[in-house]
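> Read top to bottom, the protein sequences are chains A and B. So the first sequence is residues 1 to 228, counted in the working numbering. So the second sequence is residues 1001 to 1274, counted in the working numbering.
No lab work stands behind these hints: they were computed from the structure. By construction, the Cβ of each residue, glycine as well, lies at the ideal position given by its N, Cα and C atoms. Hints are supplied without guarantee of correctness; some may be wrong.
As the list claims (entries may be wrong) - Calculated lysine-lysine pairs in the DSSO-like style (CA-CA distance at most 27 Å, straight line):
1) K1149(B) / K1161(B)
2) K22(A) / K192(A)
3) K150(A) / K1263(B)
4) K89(A) / K1263(B)
Unchecked claim - Facing chain A, a subset of chain B residues (Cβ under 10 Å, in silico):
5) Q1230
6) A1233
7) Q1255
8) F1257
9) T1258
10) T1265
11) E1266
12) T1270
13) R1272
14) F1273
What the hints assert, rightly or not - Partial list, derived from the structure: chain B residues whose beta carbon lies under 10 Å from chain A:
15) I1256
16) N1259
17) P1260
18) I1269
19) G1271
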Amino acid sequence: MSDHIVSAYSEELERLSADIMKMGGIAETMIVDSTRALSANDLELAREVVLRDLLLDVIESDAERQIVSLIARRQPMGHDLRMILSAMKISSELERIGDLAKNIAKRAQRLDDNVNDEMRNAIVRMSKPVSRQLNNVLNAYASASPEKAKLVWESDDDIDNHYNSVFREMLTYLVEDPRRITAGAHMLFMAKNLERIGDHCTNIAEFVYYQVVGDYLSELERPKQDQV
Amino acid sequence: MDTTQGTPAMMDDTLTLPRSADGAQRIDCRNIKVFYGQAQAIHDVSMSFPDRAVTALIGPSGCGKSTFLRCLNRMNDTIENCRVEGEILMDGENINDEDVDPVLLRSRVGMVFQKPNPFPKSIYDNIAYGPRIHGLANGREDLDAIVEKSLRRAGLWEEVKDRLTAPGTSLSGGQQQRLCIARAIAVQPEVILMDEPCSALDPIATARIEELIDDLRSRYCIVIVTHSMQQAARVSQRTAFFHLGNLVELGDTNQIFTNPREKRTEDYITGRFG
Ligand SMILES: Nc1ncnc2c1ncn2[C@@H]1O[C@H](COP(=O)(O)OP(=O)(O)OP(=O)(O)O)[C@@H](O)[C@H]1O
Ligand SMILES: [Mg+2]
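Required output: the full structure, derived from the provided sequences and hints.
Spelled out as structure tokens, the structure:
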């Protein structure tokens, strides 16, 4: 896209989108590190992930201030308007993703000795496609690609299926040994958090699509699966 | 023409309503080309203007907005050297036909200019002039009623009702512009053309004119040329983007400002024009 006649306007938009990417990068490492902390039972790393969420909040509120100022001072039109509105939505989706990853890290610190490795692995396995979704949608954002955004949007069913199977797997561990119930409940929440992160990624995909194309990805096209 | 001579038509709302149905086209322009001497200012533009809607013409300076607007009431006739080709149909009649009287045409297609241009007469006479020469009023009482109604519609009555004999030029810029709009609607036009009507006004006077445009929209076909994208977005339902004498894109105002189809439109509305 060619530059604005007023170059400061272009710089402001670039800064906003750089901040969105920064938030995306932080959210992504929070997912990876929270599950790494879980699999290695690394409490120090888990604490560190919780702290990282503060950084995300700070960037989000700064992005919000930038957006208000852009709208008031520049009166954006066309693609600029869609980009700014999408940035507002995407930053709050990323902030939610950060909250959910933080919650996983918090729960990782509360697990007792009754957890077995299979339980930890079930969550870690599920986190892989979820962080891949986030990575893909951030790629779609960075490259302004509606095709990539649509792919992410269509892949959410995989995560839902994954969640359903982790849910059933977890239940069998709890039935086997009721002493695992407390830790198991935490882990069911972790799985649910990962599933929610997947949903936020599809929301981001919708905003990326809107930003680039100017149309809405219709909810009708995607077959909805049963949810737990 | 069916300006009902000699009846107090102005006081009867049903008679002042445009004659065509909602959404119908009031003006239909086909293959308009305009030349100033050898230089072509408008290149084969075809578009129509619907009733009861505001159409905004936008585009960079010199792209031909005013030239095109002036075609719609044959104001280009008054410019030496200016030649218009193509058909402009109103009610199925080509307004460029030889038997169309341009003075009568201009009472059907009123115009408001960038700089308010009241006649050097009283406020009252500024409004009464048109109805008088077109024989729209039946006596003094009728004329008084037309003046009041027009000033009310232009949102100026309350401010001037006690000083109708004061010169029109004694009003503020914003008031003068509303006086000119009142003058235009006093002769029961079907179409109102506005060429940058707010460019000399402050934000409050501008808001008053915009409110007035929105109000007038329910009965007229309005065409406005504006350099303010925000104004086009605020007042119009349809927007046409001109560039170098060509009509580049015409669409729903919402669509033009949130998702234009043409790159040149996008570049212009986002301030990227090189
Ligand atoms: N009377 C004239 N004689 C010769 N050329 C003219 C005349 N009026 C306009 N032009 C030319 O026609 C082209 C279109 O001018 P026009 O005034 O219609 O542009 P515009 O879009 O209204 O510009 P602006 O936004 O600056 O008012 C320009 O190149 C202009 O120089
Ligand atoms: Mg002009």
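> Run every hint past the structure and note whether it holds.
For each hint, the structure was consulted:
no. : hint                : in the structure
1   : K1149(B) / K1161(B) : holds (11 Å)
2   : K22(A) / K192(A)    : holds (25 Å)
3   : K150(A) / K1263(B)  : holds (23 Å)
4   : K89(A) / K1263(B)   : holds (26 Å)
5   : Q1230               : holds (6 Å)
6   : A1233               : holds (8 Å)
7   : Q1255               : holds (8 Å)
8   : F1257               : holds (5 Å)
9   : T1258               : holds (6 Å)
10  : T1265               : holds (8 Å)
11  : E1266               : holds (5 Å)
12  : T1270               : holds (5 Å)
13  : R1272               : holds (5 Å)
14  : F1273               : holds (7 Å)
15  : I1256               : holds (8 Å)
16  : N1259               : holds (3 Å)
17  : P1260               : holds (6 Å)
18  : I1269               : holds (4 Å)
19  : G1271               : holds (5 Å)
In summary, the structure agrees with every hint in the numbered list given earlier.
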